[in-house]
Amino acid sequence: MAFRFIDTTPGSTARRFVISGAWWFVAGGVVGLTAATELVAPDLIGARVLIFPRIRPVHVNTIVFFFLSMMLIGAMLYAVCRLARRPLYSEKMGNVAMWIWNFSVLAGLLTIPAGFTTSHEYGEYVFPISVAIIVAIFMLTINVFQTLARRAEQLLYVTNWYAVGAFTATLIVFFFGKVMWHPKTSAMVGINDAEWAWFYGHNVFGTWITPLALGLAYFWVPREADNPLYSHAISLLGFWPYFAFYLQVGTHHLIEAPAQPWLKLIAEVNSVGLLIPVYAFLTNQWMTLRGRWWKIPDSVVLKFIFAGTIMYFFTSSEGTIEALPSFERIAHFTNVTVGHAHLGLLGFAGFIACGAGYGVLREMYGEIWSERLAQLQYWLMLIGIIGFTFVLTSVGLLQGLAWRNGETVYRVLPEIFSYYVERGVFGCFILTGAGIQVYNFLKTVYARRRRSEEEFFGLERAAAAPAALTGMAGD
Amino acid sequence: MGMTPRSVALGIALIATFAAWAVLFLPGLSAPNSPSNIVRPYTPLEREGRVLYIKSGCIGCHTQYVRPTDWDYSDLRVSQRGDYIYDRPHLLGSERTGPDLSQEGGQHSDDWNLAHFEDPRFVRPASIMPRFSFFTRQQMQAIIAYVQCLGFKMADERMARQIHWHRRLLAAYRHGEDYNATYLAKLVPRQWMTMPNPYAATQGSVQRGKFVYQQMCIFCHGPVGDGNGPAARYLNPKPMNFTLLKRHRWSGGMIYYQVMNGITGSAMPYFKEDLESAKIWDVANYVAVNFIGRNVDSGNDLNGIPASREGAIPGTKPLVPGAGTKAPVPGPARKVYPQRPSSSPQPASTPAAPGGRSQRH
Ligand code: HEM
Numbered sequence: 002m003a004f005r006f007i008d009t010t011p012g013s014t015a016r017r018f019v020i021s022g023a024w025w026f027v028a029g030g031v032v033g034l035t036a037a038t039e040l041v042a043p044d045l046i047g048a049r050v051l052i053f054p055r056i057r058p059v060h061v062n063t064i065v066f067f068f069l070s071m072m073l074i075g076a077m078l079y080a081v082c083r084l085a086r087r088p089l090y091s092e093k094m095g096n097v098a099m100w101i102w103n104f105s106v107l108a109g110l111l112t113i114p115a116g117f118t119t120s121h122e123y124g125e126y127v128f129p130i131s132v133a134i135i136v137a138i139f140m141l142t143i144n145v146f147q148t149l150a151r152r153a154e155q156l157l158y159v160t161n162w163y164a165v166g167a168f169t170a171t172l173i174v175f176f177f178g179k180v181m182w183h184p185k186t187s188a189m190v191g192i193n194d195a196e197w198a199w200f201y202g203h204n205v206f207g208t209w210i211t212p213l214a215l216g217l218a219y220f221w222v223p224r225e226a227d228n229p230l231y232s233h234a235i236s237l238l239g240f241w242p243y244f245a246f247y248l249q250v251g252t253h254h255l256i257e258a259p260a261q262p263w264l265k266l267i268a269e270v271n272s273v274g275l276l277i278p279v280y281a282f283l284t285n286q287w288m289t290l291r292g293r294w295w296k297i298p299d300s301v302v303l304k305f306i307f308a309g310t311i312m313y314f315f316t317s318s319e320g321t322i323e324a325l326p327s328f329e330r331i332a333h334f335t336n337v338t339v340g341h342a343h344l345g346l347l348g349f350a351g352f353i354a355c356g357a358g359y360g361v362l363r364e365m366y367g368e369i370w371s372e373r374l375a376q377l378q379y380w381l382m383l384i385g386i387i388g389f390t391f392v393l394t395s396v397g398l399l400q401g402l403a404w405r406n407g408e409t410v411y412r413v414l415p416e417i418f419s420y421y422v423e424r425g426v427f428g429c430f431i432l433t434g435a436g437i438q439v440y441n442f443l444k445t446v447y448a449r450r451r452r453s454e455e456e457f458f459g460l461e462r463a464a465a466a467p468a469a470l471t472g473m474a475g476d
Numbered sequence: 126m127g128m129t130p131r132s133v134a135l136g137i138a139l140i141a142t143f144a145a146w147a148v149l150f151l152p153g154l155s156a157p158n159s160p161s162n163i164v165r166p167y168t169p170l171e172r173e174g175r176v177l178y179i180k181s182g183c184i185g186c187h188t189q190y191v192r193p194t195d196w197d198y199s200d201l202r203v204s205q206r207g208d209y210i211y212d213r214p215h216l217l218g219s220e221r222t223g224p225d226l227s228q229e230g231g232q233h234s235d236d237w238n239l240a241h242f243e244d245p246r247f248v249r250p251a252s253i254m255p256r257f258s259f260f261t262r263q264q265m266q267a268i269i270a271y272v273q274c275l276g277f278k279m280a281d282e283r284m285a286r287q288i289h290w291h292r293r294l295l296a297a298y299r300h301g302e303d304y305n306a307t308y309l310a311k312l313v314p315r316q317w318m319t320m321p322n323p324y325a326a327t328q329g330s331v332q333r334g335k336f337v338y339q340q341m342c343i344f345c346h347g348p349v350g351d352g353n354g355p356a357a358r359y360l361n362p363k364p365m366n367f368t369l370l371k372r373h374r375w376s377g378g379m380i381y382y383q384v385m386n387g388i389t390g391s392a393m394p395y396f397k398e399d400l401e402s403a404k405i406w407d408v409a410n411y412v413a414v415n416f417i418g419r420n421v422d423s424g425n426d427l428n429g430i431p432a433s434r435e436g437a438i439p440g441t442k443p444l445v446p447g448a449g450t451k452a453p454v455p456g457p458a459r460k461v462y463p464q465r466p467s468s469s470p471q472p473a474s475t476p477a478a479p480g481g482r483s484q485r486h
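From first to last, the protein sequence lines are chains A and B.
Going by this note's numbering, the first residue of the first sequence is number 2, and it counts up by one from there.
Going by this note's numbering, the first residue of the second sequence is number 126, and it counts up by one from there.
One or more of the hints may lead you astray.
Stated by the list, open to error - Covered stretches of chain B (chain A as the covering partner; in silico rule of three or more C-beta atoms under 8 Å from a C-beta of chain A):
no., stretch
1, 132 to 138
2, 153 to 166
3, 177 to 186
4, 220 to 229
Simulated from the structure, these hints should not be mistaken for lab results.
In this text the structure is predicted, and so the values were computed from the model without any measurement.
Even for Gly, the Cβ is constructed at its ideal location relative to N, Cα and C.
Just chain A, with the same shape it has in the complex (with noise of 0.2 Å):
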């Protein structure tokens, strides 16, 4: 098939998405594999615009803004689609949005080791690609919001919420957070511009990446145990709380910087509080499991997403616990929050957005290229994942306790040298793992015929599919 810039054929803005957002993955991947080994040898690379400090803030928002975002979005349009049993409104402002995202963000790549840069933290992109970003975020808002309103299926079910969810409180978050009436600078001044900036920076994850992740799951995870949802009541005991107490934690980054105690205190009790929906939601999808664990093997798709709830749960625990002063004075500015980043970016976020990228590649073509490359995959990023937080997370603590007994930055440095080559082999296990997926997608996409239209809407699966989902309200 000849290759059109905008795609009008149903289900091209999803998998445009996944399969950018899987490039980016291996981009992000090279990117984040150079920075670890300039750690360990920072005259590795002499160019300028190369150095460890300019491509850190390349490396994290590739890996966020690119890889996650992309698939999550591209995975969720499918799932939204799917469970209205409907296509997309406009295929056509999907697709503009999928290259508006692509480039701003590609234009941020480019602009952050040349210098343009906020310097705040997932804020790092000045001010016309923040709005750029914006207009496409508000694009899919759009048509998020079309599609739904011409649903077949009545009831709204949960995945539909953290669609909604995420897309209208992000909207919110970039406009206050990211200070767009000031573009020069992005800024607020002194104290007061590090708690705005840290608002941003945790819903980042907190209003954007976290809420797709988990409407993912809920949409996967019934669908692939062949299994009802396990409670309506408790999915709803996991989404309100979720935004309202995860829109006030962002405070808790700062809990030893002069920011006013009060914030700090809110952001500390809601940070416990967060336990609530976060364990509403591992119930709620572990319940559904109930009796089907032996389905877990099999499938591909709900191996990762399980293995992402599985690294939610501790990510969740180990960031509420992270959030209490007494833990909090030990691992802040250690590796331990790098380890918690990666456990929740990579390990819980980016499982999900693999294994729903497989499970939309899988729909739309009837079968995934290679189910065993994809196996092998899922080995070498768990082995991966699971290795980086071990390592980072022993050498924050080092790093902690050794500040604590009053010893030096400098004099810690060759203590934990190893733990940072050791970190970049782990590294070379998830990007392995990043090249095969690319590779099993392409491969998929090129090698398999797309299922035509009417099988893809087609009422067969469909009507399979939502009255498994959906069952707990029938049923």
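Since the structure of chain A is already known, use the hints to place chain B with the ligand on it.
Below, chain B with the ligand without anything else, positioned relative to chain A:
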């Protein structure tokens, strides 16, 4: 309550707006940006350096606030909200791959900073900070000016000391190396000049000292202690040539004092934070044995009891002869206590010792 797209969107929008009000607007409204007692505005050059700091991504490795729990800078000031009122954007940072910089101004001399940006490993051999040798002259000036202003009025005070002593050290250095060494010696309190190293220069001690030397000193003072490490190119005055000190028979407490306190006004940093007492004595042994070639220690090779004034009990022999085997010292193996050279030229003005750590509050 039905979960429709509209109700979900409305509910989330309400929550988000409420949260933005509570955790964004209220904190700003309830805590006005009033200045702290140390803050001052940036000069244009410092501002330029700050922009460079942002563009270069230094924030990825450096934080800019001191916590109540920090040991590193425990005798400095815990950061306050009012310290940041001229910061837009903030540069608090979230990771300490490198040390905190909020009180960095004046901790080191300008030439230390220059050598450090040219290649951090010149002055900090185990550093993992990248080189910034690609900075132009103007950029280098700006970034150093910025780093030296961190800590604001406290930094200004430290910088005033650096500048004051820099002039005097330079003058002494221009007089010639020998004169310089004598001048430096005069700044060291007498009791330190005559104090022997309480740790015997055993092989273990010298070996440990070597390790410390390689991690802290080697690229300034050079692998052979002649002061010709790669950093020397950027430093003025140049690092001390230890072999020069042999003539003056200085070692022991003098080295300890200088290493502990640094030499304000020169690139010689203080190591009080980085090295515990025993490690400084060890590196002093290493320098004395290997470079100065004349060591002054307490002569106490009683295994493990570092008594500073106590030799062996008169009339006894060590129970384990040779347990604390001395590292071989080139040169005459006799015990020499340092004396002040009487015939050396007097420096023009010798105010009281700079009092090493006085560079900090
Ligand atoms: C109950 C849930 C969670 C809580 C209470 C929580 C708490 C925290 C805290 C307190 C920190 C700051 C650590 C420090 O700097 O000392 C942090 C950092 C971070 N968290 Fe979480 N977390 C949670 C879940 C997640 C999830 C699910 C993700 C990923 C999707 C995530 C991603 C991150 C990232 C990327 C950082 C690093 C921020 C930085 O660069 O400093 N967190 N989290």
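List, from low to high, the hint numbers that the structure doesn't satisfy.
Hints that this structure does not satisfy do not exist here, as all of them hold.
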